[in-house]
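S.K.: Residue strings, one per chain:
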Amino acid sequence: MSEEVKYILEVNDLHTSFFTENGEVCAVNGISMNLEPGKTLGIVGESGSGKSVTAYSIMQILAETGKITSGEVKYCGEDITKWSEAQMTKFRGSKCSIIFQDPMTSLNPVFTIGSQLEEAILLHTDKDKKQAKERAVEMLTLVGVNEPEKRVKQYPHELSGGMRQRVMIAMALACEPDILIADEPTTALDVTIQAQILELMQDLQKKLGMAIIMVTHDLGVIASMCDEIMVMYGGRVCERGTADDIFYRPAHEYTKGLLRSIPKTDNMDEKLVPIGGTPINLLNMPEGCAFCPRCDAAMKICLKEKPEEYRISDTHLASCWMNIKELYEAQGEGKNE
Amino acid sequence: MEKDLTNVSTNETEDILVVKNLKKYFPIKAGLGGKKMTVKAVDDVSFTIKRGTTMGLVGESGCGKSTTGRTILRLYDKTEGTVLFNGVDVHSLSKKELRKLRTKMQIIFQDPYSSLSPRLPIGEIIGEAVREHGLVPKEELDDYVTKIMLSCGLQPYHKDRYPHEFSGGQRQRICIARAIALNPDFIVCDEPVSALDVSVQAQVINLLKDLQDELGLTYLFVSHDLSVVEHISDTVGVMYLGGLVEVGATEDIFENPLHPYTKALFSAIPMPDPDMKTDRIILEGSIPSPANPPSGCKFHTRCAECMEICKTQVPEEKIMENGHMVRCHLYND
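As you go down the protein sequences, you meet chains A and B in turn.
Quick note on the numbering used here: the first sequence kicks off at 18 and runs consecutively.
Quick note on the numbering used here: the second sequence kicks off at 1419 and runs consecutively.
Since the hints were derived computationally from the structure, they do not count as laboratory data.
Everything numeric in this text was worked out from a predicted model, so none of it was measured.
Glycine is no exception: its CB is placed at the ideal position from the N, C-alpha and C atoms.
There may be inaccurate statements among the hints.
Claimed, not checked - Cross-link-like lysine to aspartate or glutamate pairs, in silico, DMTMM-like; alpha carbons within 20 Å at most:
| id | chain 1 | residue 1 | chain 2 | residue 2 |
| --- | --- | --- | --- | --- |
| 1 | A | Lys288 | B | Asp1615 |
| 2 | A | Lys273 | B | Asp1615 |
| 3 | A | Lys281 | B | Asp1507 |
| 4 | A | Lys288 | B | Asp1693 |
| 5 | A | Lys281 | B | Asp1561 |
| 6 | B | Lys1627 | B | Glu1609 |
Stated by the list, open to error - Okay, the calculated beta carbon distance ranges per label pair:
| id | chain 1 | residue 1 | chain 2 | residue 2 | range |
| --- | --- | --- | --- | --- | --- |
| 7 | B | Pro1539 | A | Glu38 | 37 to 47 Å |
| 8 | B | Gln1573 | A | Gly40 | 24 to 34 Å |
| 9 | A | Gln219 | B | Asn1674 | 24 to 34 Å |
| 10 | B | Ile1727 | A | Lys146 | 49 to 59 Å |
| 11 | A | Lys321 | B | Pro1574 | 30 to 40 Å |
| 12 | B | Arg1579 | A | Phe128 | 41 to 51 Å |
| 13 | A | Asn298 | B | Gly1451 | 46 to 56 Å |
| 14 | A | Met302 | B | Ser1713 | 58 to 68 Å |
| 15 | A | Phe128 | B | Asp1631 | 30 to 40 Å |
| 16 | B | Gln1573 | A | Ala347 | 39 to 49 Å |
| 17 | B | His1576 | A | Lys288 | 23 to 33 Å |
| 18 | B | Asn1674 | A | Gln104 | 57 to 67 Å |
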């Protein structure tokens, strides 16, 4: 099939829920996205928007209370949500791997860097111990860790934050996956170290050709890294499109608000325009558009009905009633709303 | 000494805060029974802040920016140097005098989750210090708290609620209300928006700016978020390994950074604009340990323009045009 070549990963109408004592929390509520091989997709949103849960759902590494309730995740055309645990174990690491936000806690403190790297290699490839050792050193060299022969014998606490994140990247890439999911990879790091890590990821992408899903709340990181961007709020996609679409032609009120509220070079002397209200509580979701309680432009329909995804251009989709209203107005129909 | 006390409120100079050669060293022990060492967290820092303005302090984690803020407030005792607040040396005051001065200098912490007592209703959190210091008559306290809450965008009927009932942004408003309730002149804002969501950050920044205009507050704004600092500050100081490498007006610093570290730091900020592909200066390695800082200019190990002299000699302060201070051998000729 030609589609198989086009998208390495396709997510269709994915729903993920957590079953808590206080009831079902629908953390991901109908997400669809496509990822082309070798491209970078950015998922941006506030805490609680469901961006990390989306990433974990793809890998199926949700907490015990979490479950994919409907939808499909297609890897090269095959729906992996139907796969057995054994198949998934093979998928993780060798086809798709993940780096987490906090390099301090995601490495095991009682094993050396080398043994943790080798473990991943031995598990997912048919290399023997000696080859795995060589591969570990090779990977550390690739991610720019100095004196790799010495580092493999060291423990995580002996390395700095930036170095640990490099080790995490080396571990994730050791089996040459097709997809790398980076869940807030630089949030815990300083800007100078962040720049190093982002540069490294872009370099490695050029060399190894993997696709990256970048999950972050930092619009700056997204702008410099991603080909395509998906903006999430309250477990739903607000808007998706190319970086230019999102930053220069935002169509969803939430994206517009977000871009207005961050200090930039062109609004230094002006007052920031914040988004009012507080971030959403997933236990208490509004009936209509998730962003509606904080939206300045909210209309009657926003309260009652979920907006459908509306295609603005070939690359640009948004779920906001405003766009449909504008469409009506453009068509010259006097009555709307 | 009593005379000094009256001076606290009357001695209003243009420079509200003068910090001279401030040093703060922490003793540490390397391992069990290891040799004693000192971490020079703040090493010879000098700057002044004009009344009613905001000074931003930026740098990587571990560069001593928070320690500077706390040593100024005497939350830590200094090792050397002087801190003059309204002309009074903060570190020479007795306990009693310091207590009186505390109402004039306040702090807002980074984490609004751990800096509020979970067992006190927020009305009490905001009013407690006011009552302790006897700033308002007892019977007016309740009205006073209401007034403060309104000015910080909090609903007065929330007075009896506990901190866990509020979101991060609301909690940071409570922290701000607690600080301004004492009617201070000067507030150290220690990463006040770092723990907040992007959409809420702007609310808190705007609140801080509004309160400054209204009450004529002076801020020392400590943050690693450079765009926030650029937005809120009048002057900016850049710190590296315990020392200030560059100080100047915000426009000068951001448009014409002089020190190689400042240049690298600013070029590393990811801009929320896909077309702005800046030439990033990628610094090699990470910040050296402050327990064992490099000789000469502390930045020389990561500096692209390092010269022989940098390895041995500490650069002196050099004042360029517009009072723009830089500590770098490149400008010493």
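S.K.: Does each hint hold? Answer for all of them.
M.R.: Now the hints, each set against the structure:
1. A/Lys288 <-> B/Asp1615: Holds. A/Lys288 to B/Asp1615 sits at ~18 Å (cutoff 20 Å).
2. A/Lys273 <-> B/Asp1615: Measuring from Cα to Cα gives roughly 16 Å; hence the hint holds.
3. A/Lys281 <-> B/Asp1507: The hint is violated at about 38 Å.
4. A/Lys288 <-> B/Asp1693: violated (24 Å)
5. A/Lys281 <-> B/Asp1561: violated (39 Å)
6. B/Lys1627 <-> B/Glu1609: holds (15 Å)
7. B/Pro1539 <-> A/Glu38: 37 to 47 Å: Given range 37 to 47 Å: violated, Cβ gap about 26 Å.
8. B/Gln1573 <-> A/Gly40: 24 to 34 Å: Holds, since B/Gln1573 and A/Gly40 (Cβ atoms, about 27 Å apart) stay within the stated range.
9. A/Gln219 <-> B/Asn1674: 24 to 34 Å: holds (29 Å)
10. B/Ile1727 <-> A/Lys146: 49 to 59 Å: Holds, since B/Ile1727 and A/Lys146 (Cβ atoms, about 51 Å apart) stay within the stated range.
11. A/Lys321 <-> B/Pro1574: 30 to 40 Å: holds (33 Å)
12. B/Arg1579 <-> A/Phe128: 41 to 51 Å: About 46 Å separates the Cβ atoms of B/Arg1579 and A/Phe128, which means 41 to 51 Å holds.
13. A/Asn298 <-> B/Gly1451: 46 to 56 Å: holds (52 Å)
14. A/Met302 <-> B/Ser1713: 58 to 68 Å: Hint holds: Cβ distance 59 Å, inside 58 to 68 Å.
15. A/Phe128 <-> B/Asp1631: 30 to 40 Å: violated (55 Å)
16. B/Gln1573 <-> A/Ala347: 39 to 49 Å: For A/Ala347 against B/Gln1573, whose Cβ atoms are near 41 Å apart, the range 39 to 49 Å holds.
17. B/His1576 <-> A/Lys288: 23 to 33 Å: holds (26 Å)
18. B/Asn1674 <-> A/Gln104: 57 to 67 Å: holds (58 Å)
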